[in-house]
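There are 2 protein chains.
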Amino acid sequence: MQELQPVLNLIDSNFKHSCDTLFELLRFASVGTDPSYNAECAKAASWLVDYLKGFGIQASQHETTGRPVVIGKSQQLAGKPHVLFYGHYDVQPAEPFDLWTSPPFEPEKRKGERGQDAFFARGAADDKGQLLTFLEASKAWIKTHGELPFNLTVLLEGDEEGDTSHLDRFLAKNRELFEADIVFICDTEMWDNKTPAITTALRGCIAEEIEIQGPRIDLHSGYYGGPAVNPIKVLAKLLANLHDKNGRITIPGFYEGVKPVSAARKIQWQKLKFNKNEFLGAVGLKHPSGEKGYTLLEQLWARPTAEVNGIYGGYRGAGAKTVLPSTATAKLTFRLVEGQNPKKIHAAFRKYMKAQLPSNCKIRFVDQGGDSSGISVSENSKWVKAARVALEAEWNKAAALTGSGGSIPVVQSFREHLGLDCLMIGFARQDDAVHSPNEKYDVESYHKGMRSWARLINEIANGDHK
Amino acid sequence: MQELQPVLNLIDSNFKHSCDTLFELLRFASVGTDPSYNAECAKAASWLVDYLKGFGIQASQHETTGRPVVIGKSQQLAGKPHVLFYGHYDVQPAEPFDLWTSPPFEPEKRKGERGQDAFFARGAADDKGQLLTFLEASKAWIKTHGELPFNLTVLLEGDEEGDTSHLDRFLAKNRELFEADIVFICDTEMWDNKTPAITTALRGCIAEEIEIQGPRIDLHSGYYGGPAVNPIKVLAKLLANLHDKNGRITIPGFYEGVKPVSAARKIQWQKLKFNKNEFLGAVGLKHPSGEKGYTLLEQLWARPTAEVNGIYGGYRGAGAKTVLPSTATAKLTFRLVEGQNPKKIHAAFRKYMKAQLPSNCKIRFVDQGGDSSGISVSENSKWVKAARVALEAEWNKAAALTGSGGSIPVVQSFREHLGLDCLMIGFARQDDAVHSPNEKYDVESYHKGMRSWARLINEIANGDHK
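As you go down the protein sequences, you meet chains A and B in turn.
For the first sequence, the residue numbers in our numbering are 46 to 511.
For the second sequence, the residue numbers in our numbering are 46 to 511.
Any given hint could be a false lead.
Identical chains blur together in the list; that is why a pair holds if it fits in one copy or across any two.
[As the list claims (entries may be wrong)] Using 25 Å as the maximum straight-line C-alpha spacing, the simulated DSS-like pairs for lysine-lysine come out as follows:
# : residue 1 : residue 2
1 : Lys321    : Lys407
2 : Lys331    : Lys321
3 : Lys290    : Lys396
4 : Lys407    : Lys282
5 : Lys396    : Lys282
I should point out that these hints are in silico values taken from the structure, not numbers from a laboratory.
Values in this document were obtained by computation on a predicted structure and should not be read as measured data.
Pulled out of the complex, with its shape left as it was, chain A reads as follows (with noise of 0.2 Å):
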């Protein structure tokens, strides 16, 4: 039997020299947005390939059209599960520069603002810390037991930051090599500091633009003024009439497939004690605007949106014009929920804004691409069940089961090309100034975040999950 307590030891005594592992990493300025920095990445990379090989992964560089990714391997063995971890090596630009206390890629461990001690760099946080509290954990259980539970594929790329495209078209290509019956991914937060959290519901996403026109060109408002048609005071009507005064997508067909939120998933949710007036409060809101018989979290995780992100016609400078303008433009996003088709929300998008369309006026859309679905992972998969023991067990705290309103791209990349659900789990804080100046990574989130993985693995090595 391969037991849990020699690695937890071997995690503890090994700790300074896993400080040491994730400083190297961290001092590669590995920024995954801008070509400059390619050379970075590619050290970065490389030197993935070794610290893999290190503990007997069989791992080396592949070629895709944006950056390197490294694929590693255990030795597959027939008959055990077989795990697919996913992490990102790329980091988003640093500057301002200015505004950091110490140099972005010379890591340096310091007191944060809780007075709790963090590792202060680009990239600790998002992904490279939580990356190696995977590889860490897995090295120790190797070191100290032979062999995984499962084989292990690991994947880690250098476009997350950048063009998501790259790794969609790589999996797209090379499904062979990525088989497996569940991917793990550590890049996501924990839902308070004291409290861990698995991400099963994300929502996909759908991006249209409509073009309204009216007169051939722009009219006198004066000398045309009430006869003739006003394409902004149509596209306007438009988007009035995609709500009802309940919140609800007007859209016939629309919540077609959308299951109502799970007891169990409702009961979780009510348990996180979410506190909506600071979530809200610190953008400037009072109370929730969404759909009437949810409560903000629901809204939030687990019901569709149609949200405009921009509008634009007629006169927008200083002072007054009167201009009846020849077009106006809507960008709208849906957010979508497990259930979903993108491609009959499109479809149904057009056919209604086309059915409410004033015979004066023509219509133009302009499918925006990125359509990805809602995801959702069900509370009773057994890794799901699995990760809620191990993580309950080192955090004393049972794990938030959360949902996400964004889009991760990567994991509709999973679903699609490799039919693979993920398991998410993340120990960043809501701190740790992600994408910002200062970016750190809790020694907390580092060392118990280890140990959560070990506890894991355990779990599928001796536990008992169906």
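Fit chain B to the known structure of chain A by using the hints.
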């Protein structure tokens, strides 16, 4: 008795000289929108002073905050009616020069597109040719009879095409110079090539900008979409609610003071047999989109409107951006008709917007200035009666009593500062290319225009209009 026929005879026999006079005035490049043409404007004003003196009008230049005005006065005799004639010597810029068949400030007489004779030059129709129709008629009358049957004040300005506030200020400060019973203006169009027109209704205008603020900062549409209010959607709803399903404006009190179109006016406008298919077809529209229950001309000339002239908010670049914007802005103008009070409409609009505002939002209003009231001149005024007789006699066709959907600032200034109505008669044609390259004025407009004014002077001298 001052007889008409010798005056008409003089106009006819002197027509060649009248043409030379027009050409002299057209040669000044008195562009009213560009300070580099100020010297040409001064020359035109100076020429006009001499021209007026040439037939016994005491004339001089007066400084304004803009270009000089020319003021002329005939001998003023007690007991006579008093007419103020208004015209403008400034013209639109002539660019692009290469689209002109003959240079814009070298007038040329040649055939127009309908085979008719015409004078081609910038300002030929707007307003040099038109203003001379009245002045040449007055000159012929004075040369024949020694004096006019009314006291005449002439006001010729140089800021009509530019900043109209200069003349407005000058009128407000110099009311005593312009005591009169009526203003004659020759700066409008004929109804069609065979039908003279008197403009008896103008719409006024007020302008407002509104900005809706939702969240304090731009938000991510995934992480906040649903619970967070979207100011673009709020703005769209407010704008959509401005009209009911019949196209009637829903602002409480908006129609206060608006009188129904008089039966006489309805009959007048029906008789015009306005070709609405041609009017709308020219700008790519099929049918009137205005207030139900009104003809196109009523919608345009006699009914107020609420138009959105511009709108903007959120992301307006290429592609999609999942932003939930902090603000959204719209620019509106309201065309007003006689009886509506601009100040009250501003207040009613703002009150209505505030009443509908969701509590999570703020609203900011900017009054864009330039308020003007709707104006309507009775068909039964003695001046209109006299003009109808005169025009029908000259053109062998009853004059059309038309409205205009637009606003003419100077008409508003005369009403506001001097309490005067305007009699608007003009002989321009729809194909005169006013403000465009190859502007022209038909020789027939110039000649019969003078004869029309002579006939109107005769009606004042000898008619029995009350």
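Hint-by-hint comparison with the structure:
Taking the shortest alpha-carbon separations for lysine 321 and lysine 407, only the inter-copy value of 20 Å comes in at or below 25 Å, while the best intra-copy value is 42 Å. For a Cα distance limit of 25 Å, the shortest separation of lysine 331 from lysine 321 inside one copy, 9 Å, qualifies, whereas the shortest one across copies, 51 Å, does not. In this assembly of identical chains, the alpha carbons of lysine 290 and lysine 396 lie at most 25 Å apart whether taken from the same copy (21 Å) or from different copies (21 Å). In this homomeric assembly, lysine 407 and lysine 282 come within 25 Å of each other (Cα to Cα) both inside a single copy, at 15 Å, and across copies, at 21 Å.
In the homo-oligomer, the alpha carbons of lysine 396 and lysine 282 lie at most 25 Å apart both inside one protomer (16 Å) and across protomers (21 Å), since each shortest distance falls under that limit.
When held up to the earlier numbered hints, the structure conflicts with none and fits them all.
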